[in-house]
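2 protein chains.
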Amino acid sequence: MEVTSPAFAFTVFGHDLATGARRGRMTTVHGVVETPAFMPVGTQASIKTLLPQEVRGTGAQIILANTYHLMLRPGLDTLVAAGGLHRFMGWNGPILTDSGGFQIFSLAGNARVRETGVTFRSHIDGSPWELGPEASISLQLGWGSDIVMALDHLVGLPADSASVRDATDRTDRWLNRCVTAFNELGGQERAALFGICQGGMDGKLRRYSAQAVADTNVNGCAIGGLSVGEPKPVMAEMLEIVTAVLPRDKPRYLMGVGSPEDLWMGVARGVDMFDCVLPTRLARNGALFTPEGRVSIKQRRFANLHGPLDPDCDCVACDQFTAAYLHHLFRAKEILGLRLASIHNLRFLARQVEDIRRSLDRNAFAPAHAAFLERYRPVAAAATEETV
Amino acid sequence: MEVTSPAFAFTVFGHDLATGARRGRMTTVHGVVETPAFMPVGTQASIKTLLPQEVRGTGAQIILANTYHLMLRPGLDTLVAAGGLHRFMGWNGPILTDSGGFQIFSLAGNARVRETGVTFRSHIDGSPWELGPEASISLQLGWGSDIVMALDHLVGLPADSASVRDATDRTDRWLNRCVTAFNELGGQERAALFGICQGGMDGKLRRYSAQAVADTNVNGCAIGGLSVGEPKPVMAEMLEIVTAVLPRDKPRYLMGVGSPEDLWMGVARGVDMFDCVLPTRLARNGALFTPEGRVSIKQRRFANLHGPLDPDCDCVACDQFTAAYLHHLFRAKEILGLRLASIHNLRFLARQVEDIRRSLDRNAFAPAHAAFLERYRPVAAAATEETV
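From first to last, the protein sequence lines are chains V and C.
For the first sequence, the working numbering gives the first residue as 1, with consecutive numbering after it.
For the second sequence, the working numbering gives the first residue as 1, with consecutive numbering after it.
To be clear, the hints were calculated from the coordinates, so they are not data collected in a lab.
Some hints here could point you the wrong way.
For identical chains, the list gives no copy identity; a pair is met inside one copy or between any two copies.
[Unchecked claim] Capping the alpha-carbon separation at 25 Å, the derived lysine-lysine pairs in DSS-like fashion look like this:
hint, residue 1, residue 2
1, K298, K48
2, K298, K232
3, K204, K232
4, K333, K48
5, K204, K333
6, K333, K232
7, K48, K204
8, K204, K298
9, K232, K48
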């Protein structure tokens, strides 16, 4: 199975026999991405605390940046004058940018949706802005994204079914305008365009929205509006409904996910790509992934642990420093602690997708998933210990 | 001229003909330091925002850490259990630690001096502590400093001459106790001990204090209590008084200095070593050194400067990123900006002492100093522009 355009290709070359898991490869203008893949988030043209070479060193192949933030600061003109987003931030690998929609609805002030687009106020200085489907595509192509996301309309949950239906329909209409704008701007020569399925937690709307994206001439399909607080079985159910409808030859991207356990869960249901601020945000709070689950490095028990936090980990934090030193850096509020924790958590998620890909290459995804679940205790189960 | 002990040696192998400037080399247990040298400050066992290999990469040969901070957190026991300060923080080069005195008087609460030592309250949790000459030496040797500083008594300025005289006398008596403690603990086998001259801005007391240190069996002589707000000509005058008295075969360390212009000024008066938090503290405020003087990277004029901040600089910030990107990182409050600015400023000071050493090796210190002053505008002269 292969889909190609001048600037984008995706091949699925392995399937797990027992689950929906797939092993694939995306090719973009700025390089190859082995899938399943996790994308670190560089909201403001910086993966927080890290240099591009450090991000690359964690095993990341592609990163994400946020259109809402970039349009406000530094703005398209500066990014164009800099020679594009890649040169500006010094990352020469693939970059996916979101459409701006999600953050307009979650961060900006006074967001108002009309059929033409969304008006809102900047969270930085309160200035008034507008973003529609055509403008979102134009911005993303303007600063040189490798993967451009279509603008979608999100409603905050819980919402009545009429509101969800209305937003889902608008997302569908906006998608068609995004495709037209993308093609008119010559997007296929330079980038890929992904559509986004919405539909809240309503199975029928999810199926309808997924079908609309499936029927559209896009390079990939994203699944939005999940991992927003719903119970995990509901997310899994929605995911199964959607992936059953999505074309099998296009990459599937589960937006805003996330945790180690959700990566395995999503891959088992046929997801190829993930992104989330969780690893870097947790890191800055001192919450570090280990093969047994998340721990808070600030806990007293690490004050005199003069060995690596995770002896299995090959990141610079575990390779070069002790848990006691990380503990000290967090207690003393030293910025180096935030850096080392960020590297560690990104490396941990990169190792998850590396393990996943290796297991798929060996036809052993299900046992690898079981071995992960056997050892890793998700936060809910570990909550009592974490508060000690 | 050479002074050696099992753990420390210093050689002066070049003198400028026109000034007091000297070219030398210190050898410590953890390596060699070419002098004149600037020492970055790692107050809490971390050069703020940076990895040890990055600090090394700026050209730093030796770093400083603060006894006051380390004794409170993580504490001697943890540092000993970690295998010493070097292993704890991952820096395998020489480390100088101060005595704790300066920060007890500037940071701690309720500092009270008795002849035995100082009692004070921790700035972290208000807990009561005590530090005397013997304890300061014992702490510094305990965690493995390469250069140990004697405990001195500082008085805040302005102070009446009786108070300054009293503190200077006490510093002298404490120095003798430090020497005794250092020798009893076998310090000469593992480290060097430096005494500190005080004396405020009183030339007579300065000469007296310098003579007391000169007459004591220490490995090096530090000049304390300068660069504390006095006019620059006063600092230069005090420095000339002191260096005329200090032995010519021991290293001279001007504490808490500093700025690029003060490094050149101090070297011209015979100083071999400097330390200061200025480069990293300024960096975190967005104030960056350039060959023309300090600039604020937050200024609008950098928003679209799509080239290096300093084309002559070989640091990662100037080599890999543009001034526009640094500007964006500071505007967006991204931690990566603090890192890049810290690296740049440390590299700038390291390049100053590299230029100084090279000029001494070529018998061309005075013209190099003149060329520096011709181009570099210190902050006072540049203040108007900086506030724009």
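Hint check:
1. With identical chains, the CA atoms of K298 and K48 are at most 25 Å apart both within one copy (20 Å) and between copies (19 Å).
2. Taking CA atoms no more than 25 Å apart as the test, K298 paired with K232 passes in neither setting, with 28 Å inside one copy and 44 Å between copies.
3. With identical chains, the CA atoms of K204 and K232 are at most 25 Å apart within one copy only, with a shortest distance of 19 Å there and 77 Å across copies.
4. For the identical chains of this complex, K333 and K48 are neighbours both inside a copy (16 Å) and across copies (10 Å), given an alpha-carbon limit of 25 Å.
5. In the homo-oligomer, the alpha carbons of K204 and K333 never lie at most 25 Å apart, since the shortest distance is 49 Å inside one protomer and 43 Å across protomers.
6. Taking the closest pair of Cα atoms, K333 and K232 never come within 25 Å of each other, the shortest separation being 34 Å inside a single copy and 34 Å across copies.
7. Within a single copy, K48 and K204 get their C-alpha atoms no closer than 38 Å, and across copies no closer than 54 Å, so neither meets the 25 Å cut-off.
8. Taking identical chains as interchangeable, the C-alpha atoms of K204 and K298 are never at most 25 Å apart, the minima being 45 Å within one chain and 51 Å between chains.
9. In this assembly of identical chains, K232 and K48 lie within 25 Å of each other by CA distance neither inside one copy nor across copies; the values are 28 Å within and 40 Å between.
Violation of the numbered hints given earlier is confined to hints 2, 5, 6, 7, 8, 9; the remaining hints are satisfied by the structure.
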